[in-house]
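Protein chains in written order, with our numbering: chain G, 1 to 105; chain H, 1001 to 1605.
No lab work stands behind these hints: they were computed from the structure.
Mixed in with the good hints, there may be bad ones.
[As the list claims (entries may be wrong)] Listed next, the in silico DSSO-like pairs over lysine-lysine satisfying Cα-Cα at most 30 Å (straight line):
hint, chain 1, residue 1, chain 2, residue 2
1, G, Lys33, H, Lys1491
2, G, Lys73, H, Lys1363
3, G, Lys83, H, Lys1268
4, H, Lys1363, H, Lys1425
5, H, Lys1071, G, Lys98
6, H, Lys1378, H, Lys1071
7, H, Lys1425, H, Lys1467
8, G, Lys83, H, Lys1184
9, H, Lys1521, H, Lys1234
10, G, Lys98, H, Lys1309
11, H, Lys1204, G, Lys98
12, H, Lys1467, H, Lys1515
13, G, Lys73, H, Lys1273
14, H, Lys1467, G, Lys75
15, H, Lys1138, G, Lys83
16, H, Lys1268, H, Lys1255
17, H, Lys1491, G, Lys75
18, G, Lys98, H, Lys1378
19, H, Lys1234, G, Lys73
20, H, Lys1124, H, Lys1147
21, G, Lys98, H, Lys1329
22, H, Lys1268, H, Lys1234
23, H, Lys1363, H, Lys1329
24, G, Lys98, H, Lys1273
25, G, Lys83, H, Lys1147
26, H, Lys1268, H, Lys1363
27, G, Lys98, H, Lys1138
28, H, Lys1525, G, Lys33
29, H, Lys1363, G, Lys98
30, H, Lys1234, H, Lys1515
31, H, Lys1234, H, Lys1282
32, H, Lys1147, G, Lys73
33, H, Lys1366, H, Lys1309
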Amino acid sequence: MIRPEIVIKAYHPDQRALREVLAGIEEEGVLYKVILEEIPESETKLGHIAAEMSQIEVGIGMYFENTALYIQKIKNTPLFITKERHRIIGQNAARYVKGNPLIEI
Amino acid sequence: MKRTIAGIDIGNSTTEVCIATIDQHENIVFKASSDVMTTGTKGTLDNIRGIKEALGKALDAANMHLSEIDKICLNEAAPVIGDTAMETITETIITDSTMIGHDPSTPSGEGLGVGETILITSLKYADADRSYIVIIPKEIDYESAAKLINESDKRITGAIVQNDEAVLVQNRINLFIPIVDEVKYIERIPTAVLAAIEVGGTGKSVQSLSNPYSIANIFKLTHEETKRIIPIAKSLIGNRSAVVVRTPHGEVKEKVLPSGKLSLINEKGNVTKVNIDHGAAKIMDSISHMKELVNIEGDAESNVGNMLKRMRRELYNLSNAAMQNISIKDLLAVDVLVPIDVKGALAGEVSLEKAVAIAAMVKTDKLPMQMLADAIFKELGIESEVAGVEAVMASLGALTTRGSSLPLAILDLGGGSTDAAIVSKDGTVKTVHLAGAGNFITMLINTQLGLNNLSLAEDIKKHPLAKVESLFYIRLETGEVKFFNEPLSPKVFGRVVVCKGNELIPIETKHSLEKIMMTRKAAKKDVFVQNAVRALREIARDHEIKNISNVVLVGGSALDFEIPHMILEELSYYNIVVGKGEVRGCEGPRNAVATGLVLSKVGRA
Chain G
1 MIRPEIVIKA YHPDQRALRE VLAGIEEEGV LYKVILEEIP ESETKLGHIA
51 AEMSQIEVGI GMYFENTALY IQKIKNTPLF ITKERHRIIG QNAARYVKGN
101 PLIEI
Chain H
1001 MKRTIAGIDI GNSTTEVCIA TIDQHENIVF KASSDVMTTG TKGTLDNIRG
1051 IKEALGKALD AANMHLSEID KICLNEAAPV IGDTAMETIT ETIITDSTMI
1101 GHDPSTPSGE GLGVGETILI TSLKYADADR SYIVIIPKEI DYESAAKLIN
1151 ESDKRITGAI VQNDEAVLVQ NRINLFIPIV DEVKYIERIP TAVLAAIEVG
1201 GTGKSVQSLS NPYSIANIFK LTHEETKRII PIAKSLIGNR SAVVVRTPHG
1251 EVKEKVLPSG KLSLINEKGN VTKVNIDHGA AKIMDSISHM KELVNIEGDA
1301 ESNVGNMLKR MRRELYNLSN AAMQNISIKD LLAVDVLVPI DVKGALAGEV
1351 SLEKAVAIAA MVKTDKLPMQ MLADAIFKEL GIESEVAGVE AVMASLGALT
1401 TRGSSLPLAI LDLGGGSTDA AIVSKDGTVK TVHLAGAGNF ITMLINTQLG
1451 LNNLSLAEDI KKHPLAKVES LFYIRLETGE VKFFNEPLSP KVFGRVVVCK
1501 GNELIPIETK HSLEKIMMTR KAAKKDVFVQ NAVRALREIA RDHEIKNISN
1551 VVLVGGSALD FEIPHMILEE LSYYNIVVGK GEVRGCEGPR NAVATGLVLS
1601 KVGRA
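With the hints as extra help, turn the sequences into a complete structure.
Next up, the structure:
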């Protein structure tokens, strides 16, 4: 069975940043899956692919601490990007899935 | 001789223009019309800016020039102005931090926990024979907090977290306990006192802490003490999570504020006093029983008293009439529940407080319209005159509605006042001006939803609501779904929005769409349906609404997408033909007075 989860594709993510993204998603009660990448790609490229892979059409790309939130329906631009506010990116990914208002970055 | 006439109607909120030419055979051709916001209080020289703008707009539309106008006709504006104020009756005060009742979006756990409050870092020194509710300040992150709880051998029954981390803590501990988070002023919670914490089950609000007897049972209260905690229980109703702390002197008080009295004065100088805190029904009842009301006064220090004084002063400065000729002629009171920040709250709680919102109307003998006409002549070089009484002109204009006939009643639903007039077959006119109209509705919406944003309240009044369910579609309040080609802004995602044409304006509150819609509808009903009935009863023969055969709705608020339907529904009970005006078959309910002014010049070269 395919789980309804947010997909996070990350190339050498900053450990603290990744932890915060996941905490944001977890607090909102949504499932996730982390895929660590070995080939260097930008956070936007990774985010885009992650969204394509996600059953619930939401993906997050990470390149070190650079983080981008993508949804499948909007391919060309990320919904949010950040270098610092990782908890909120995670929360917004989950809130998008739930249809709840997003937090402004 | 052919002549071009501009009729100008200056209202409380809009200035309307109608331009027409009348040829030598007295045939009339309407050229153009326009409306703009009134600049300044009506009847003052400030109006000229608005008049020029409105004239310019109409002339552009007709492809004409200002010099082509031979005459400007102003209405003899009803010398009334309206204003609104609110008087709060109750106030909730928390002393010594006794409760937390807010709605964090993600509390965790379920059920009720009772125990002594303790800082999580002090847990290891605590006695082993008691139950504890741990307080987790923002310096302690969820990992460390969970570790401390798991390592502790004490009985823990609940947790209060400052950060938004309730679920994160819950997922890392070996217990299943109620956890409340996002408590802003966590340092104000006293430690080593008995407390109860509750998180409602899926889809439910708190059950025990909103019941006075449950609280009494938890804290072993006497009958007298139970009475005192009723405001706590009341203010926790509907919350998903809550904390109640028992402190020796702590208390939540519902204070009744001294909101003052209204003094109703009749022609003979008799005074009837009515307490504002008795509510709107009592006030309206007293007013309707008052024959020949000449003035209303409020207590000096109250909001309403100040408003009434301010309005009289304003009209006094305006009309140069003697102060005793300026009187408050009518007042409309509506009971409201207003969300107000609780004093001494721990998590930014709001409580719904009782209040009475009041619209009032002041009247004088005459507004200085002639002065305005003279000023227009000076400014534009066009002959200007004050051409007719507003109500008569409105009736003349309204009569251009196909299907209407004499005797005709008009209801002018304006911004500042609700006016009604009845024209009988022999031409006699009876008029009435009542307090409360469009602006009052805006105020009711603004305060009841706690928006603090009048222009947003105005938009909520005028336009339908929708919920943004996805970045590609919205669901309107009618249930209809509308799709968009381009993705919407993430700012509006998941929110309730006002659909103002193609613009979506987010309403940044926690209110549901249904709640906002109900508030909007109730405000419209409280003001216009009530006023329609009051006004028609006043002008009808023998004060029997059934004696009126047809009513035409005119004025800005008649353009509203639901007010005319509400009035129609109410009046259908009295067997009256009522509908929105179709002035000249093309203006809708707008422009009645301006049209009437032009029409009044036909046959009078």
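Are there hints from earlier that the structure breaks, and if so, what are their numbers?
2, 3, 5, 7, 10, 13, 16, 18, 19, 21, 22, 24, 28, 29 and 32
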